[in-house]
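Protein chains in written order, with my numbering: chain B, 1 to 338; chain X, 339 to 604; chain Y, 605 to 950; chain P, 951 to 1242.
Treat the hints as calculated values from the structure; they're not laboratory data. Only true hints are included.
From the derived model, a few chain X residues whose C-beta atoms are all more than 10 Å from chain Y:
id	residue
1	342
2	343
3	346
4	407
5	414
6	418
7	465
8	469
9	509
Simulated crosslink set (BS3-like; lysine-lysine; CA at most 27 Å straight-line):
id	chain 1	residue 1	chain 2	residue 2
10	B	245	Y	690
11	B	245	Y	702
12	X	482	X	461
Some chain B residues near chain Y, calculated using beta-carbon distances under 8 Å:
id	residue
13	232
14	234
15	237
16	239
17	241
18	242
19	243
20	255
21	256
22	331
Quick reminder that beta carbons are idealized off the backbone N, C-alpha and C, glycines included.
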Amino acid sequence: MLSTILRRVGISLATIFGASVFAFILLRVVPGDPARAIAGDMATEDAVAALRADMGLDQNLFVQYWRYMRAVFTGDLGFSYSTGGTVNSLLGDRLPATIELGVLAVIFAIGTAVLFASLAVYSNSRWADRLLRTASSLAMGSPPFWIALLALMVFAVQFGVFPGPEGRLSPGLVPPADITGLYSVDALLAGNIPLMFNALWHLVLPAAIISIGPFAFLSRLYRSQLRSTRRETFVMVARSHGLTKFPVFNRHIAPHGLLSILPAGSLLFADLLTGSLLVEKVFGWPGIGSMTADAIIQKDFAVVQAVLLLAAVLYVVVSLLADVILTTVDPRTRVGAR
Amino acid sequence: MSTEDLLVIENLNKSYSTGFGGRNKTQILHDVSLSVGRGQTLGLVGESGSGKSTTASCVMGLTAVDSGSIRFDGREITGLSKSERRALRSSMQMVFQDPNGSLDPRFTVRELVEEPLIIHGHKDRSERALKVAKTLDLVGLTEKQAERYPHAFSGGQRQRIAIARALVLNPQLVVLDEPVSALDVSIQAQVLNLLAQLQDELSLTYLFIVHDLAVAKLMSHQIAVMHRGKVVEYGTSQEVFEQTSHPYTKALLDAVPGTKQGVGHA
Amino acid sequence: MPVNTEVQRAGQEQSTATPVLEINNLCTNFELPGSTVQAVRDVSFTLCPGQRLAVVGESGSGKSAMAMSLVGLIPPPGKVASGSVKLRGKELVGLGDKEISAIRGKDIGLVFQDPMAGLDPLKTIGSQFVETIRVHQNLSVRQAKELACELLAEVGVNDPRRRIEDYPHQYSGGMRQRVLIAMAIANDPAVVIADEPTTALDVTTQAQVLELLERICDERGNALMMITHNLGIVRQLCDSVNVMYAGRVVEQTSVNALFNEPTHPYTKALLDCMIDPYTTVRGQLPAIPGSPPDLAAAQPGCAFAERCPLGSAEKICHEQRPEAVVLASGAVSRCHFAHELEGAQS
Amino acid sequence: MTLSVASVRATQQRSNPIAVFLKRDIPLSIFLGLFILLVVGLLIGPWLWPLSSDAINLSNVLQAPSAAHPMGTDDTGRDLLARFLDGGRTSVFAGLLIAVIGAVLGCALALMAGSMRGWVDSVFTWLTNSILCFPAILLAMAIAMAIRPGVTAVVIGLSLHSFPWYMRTLRSEVMRLYGQDFIRSTDAIGAHPVRILLRHVLPHLIPTMILQMAAVFGASILSLAALGFLGLGAQPPTAEWGAMITDGQQFFLTGQWWIAGFPGLGLLVAVTLTTLIADRAREVLDPRSDAV
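The whole structure should be built from the sequences, with the hints applied where relevant.
Structure representation (structure tokens):
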């Protein structure tokens, strides 16, 4: 078992290396002259030359790459021109907001997917199955940013059930002491319950919208795993021993379904990142998503390079983690054959 | 035409390596030595994991060999290059166990039987059509059936198509890997009779892989019993059945249900 | 409960004991888009306590579908269309999930063909065994585990206390089938239905499993219904046999009569196909011409007609469905010429 | 269970899946019909609908949907139905391009990796994994920044992400096919590996590839619109559904819902239809597969 995990870690490191090279080429080779792009068309030639020297763009590519990766390993992600601060501090401020949103979105996505897929498969009724498939197709097809606008108009403007696009807390409220960076958690830790509810109140709508994409493919995945497990012989055997429908579903079918969600962890992460890129802007949410969108427009290469690297590393870490958990949870891989 | 047997296998060894850098090797074949005379049938009997199918795919060149020699028609074939081995294929063919899986569902029966001819460069269409018709008739399939797709046929008929596909190049050696195990007994009998009749008509040589000793006895002139990669017994089907020497073979014979107690109960 | 098997079996043949299972006019269909496959067509027979019945037939004969219909385990889109299955007088067809589940594993134990896929790979043998026991017997987990260990020992699993904690993938195919048999008899069922229990096993392992089944039936005296296509198994293990073809029971007789004086042409043809290593001649193995019938097509006459050496020429066989005829010897044959065939025998 | 059911079901499945597609499944034909209607409507729209999409007309600004302007007008008086048709064409065209480029490149790589195995396979897989670390939208955004925002940048970015995605899914399908007996039997006959690849492996990939193209087509339309929404996709004045939603964003909250409403609806209908089609088609193709 250990050798498989070591091999997996090796592959993950190779993938991260590959992704970092790819991101590096994307932002240093493809644009031709990044310094001119940053400085803009009106900047004078020597201003651009100074910027180029400062960014070390005049070195050959390998040196640039090596210097960049060395900086990354020492934790220095470079300087953000558009915000005037280091990329590290920028990420430090923005990351928690996206994480808080992402965690809730994951809970919504997995919760609804498992619930509806289980109901559709357990009830074994054709219309429930068709309803689920139509719902997941609709979810697959709904543009998150448009749904966000629609939701804001209906729930915020029309009925005022949820707050408008005012960010993480109602205006005028002081954010809680920074322990985890997640307002709802920090407010709870600080014992400020009304603040926690306010934070959650602001989280629900954007998180629900971000969870639409992941819900689409998770519900399909879970449904198909349940249906294929249901056809297995050991389910028939359990029925033949006298177990009624529910215990068979609960103890022998559902666990296989849950196990199948783990390998989809990395896909889930990629979908959440996509969701945050689009929805944060509509809700004025101070997270990585809106930051990246602005950085792209400002052509802030350092920030975009850092976000690309962060996305790649997190994607690989999530899939590695999912793999390791899967290997330990599944007895077939945890316990060697006798 | 050398006087030696058509197929001679000497000290064949084969192992599969798994794990990082192929550290842990599992030995599949241990010094397997067999030979099949022209127009004869060698029955290769053994339970799953005995190495009989591995021996077959080594003979066909589908899997590489660790050591040992395989001589076909007097010519060593283990070290051949890919193209040399492909040319050799027209004289040695194979029929697989699973009638559903061994035929490409997108090809009609005609295309399936014609493909070997195309592969081995028979350019003339009408000559190919003639050969296909003759082979189909040989295995008892009509012209009308030739236009249909494999899924429209029963297991027994599909095996006939697979046999036609193997015979259209009129090979010398046919490796039969459990050709009837997936079929019902009544259909099995039809295919076994067909194989026997084809062997007599076309003086084919068979390497017949099977786990059922009775089928082996019926079809084979010689039988080799394999157990965990070793040939534990090798002789004419008479000797293997009536003067059984190895205890494993005895165990195999005794294990066949319904033979010990004579006829019925009470 | 050691019972002298010879006496008990001889007596049983003419016994008037009330049957433990009574099947009348059972029909099971598979509703496929565009066609209905009648897998089981009007099957009737009884199973008496301690009887060892073999249900013999080739693929497509409906033997498995019939067996699964008895306990309502037909996978969709199959369903029991009509007929009745009575367990000691209690009707099983049409029972709700709760009622039929109470009978499965308790009164009727089942063993399936593929042991490799028969156990949940994510759970230990122990947890699945305890679950099976506690469904029908209110024992504590510890007591159930204790009973499980005894049963594992009984079926030949050595060192059960340790092995019970292992997972299915740590057992060989043969061992898994033993565990499944142990589970099937855990609640001491009156009937054990084995659906081709050894087809997926090597011949040496098969011999051991058959021996185990025989020992269990001898010791516990339960009735056995063995679904198989292997006539050798029928001869070794069973005392009576139903031969099925295209969804119908074409012959019901004792095993002795089957091998010595078969009455139905299909049974005779099937027996001829059995290879006798010492007498069968290469190339002249009797075969049954043609191929198995299409179960979706209607069967006006006898399904075996066009492959039957006797019936292919007879108009009556192609047009009129033969009724089951009870012969002097007690055998039941569904053939228009049953009497003539029986006459020819004696 | 009995073989009879499996063999009967097999005889119904004709070998040519396209024939099966339409005949047996009414909902599939409906969805396919609607989708073709939508695409044809977008293509021949300009001939049917006379108004041009760029004509600014300050006299009828922010008109609600009416007979004259079925989709109303925007803050500069431009007719929104005309812009909707133009925008739709951009999206559908770009979506098709991305789906096709990715399919061709991805399939070629998958065939090579699946057949040659060894280091070829590991290098291609490494390449694929390295690119697939990034969500498609993030890649397209980076490219938009690196060169110049616009539909070209988006198409490059999304194709860059779609071909490895095809490669990964088709490669496992190629591996599965090579394990089948009918490939080993053709190899045993002495067929050249290339012949096996083209005559036996590729035809079996086509149905799976078509399903994946439908999925990529839908996803690409959404991503194109998303980038338009972020101002990185089609630049004004070209009409594009995503950008139209951004234009209509502020009017959304003040009641003029139709400016952002219709393009979003167009997206929803187009992509949901493709997903439903792919879903039904997979069901008809192999009822037992239940593949995601």
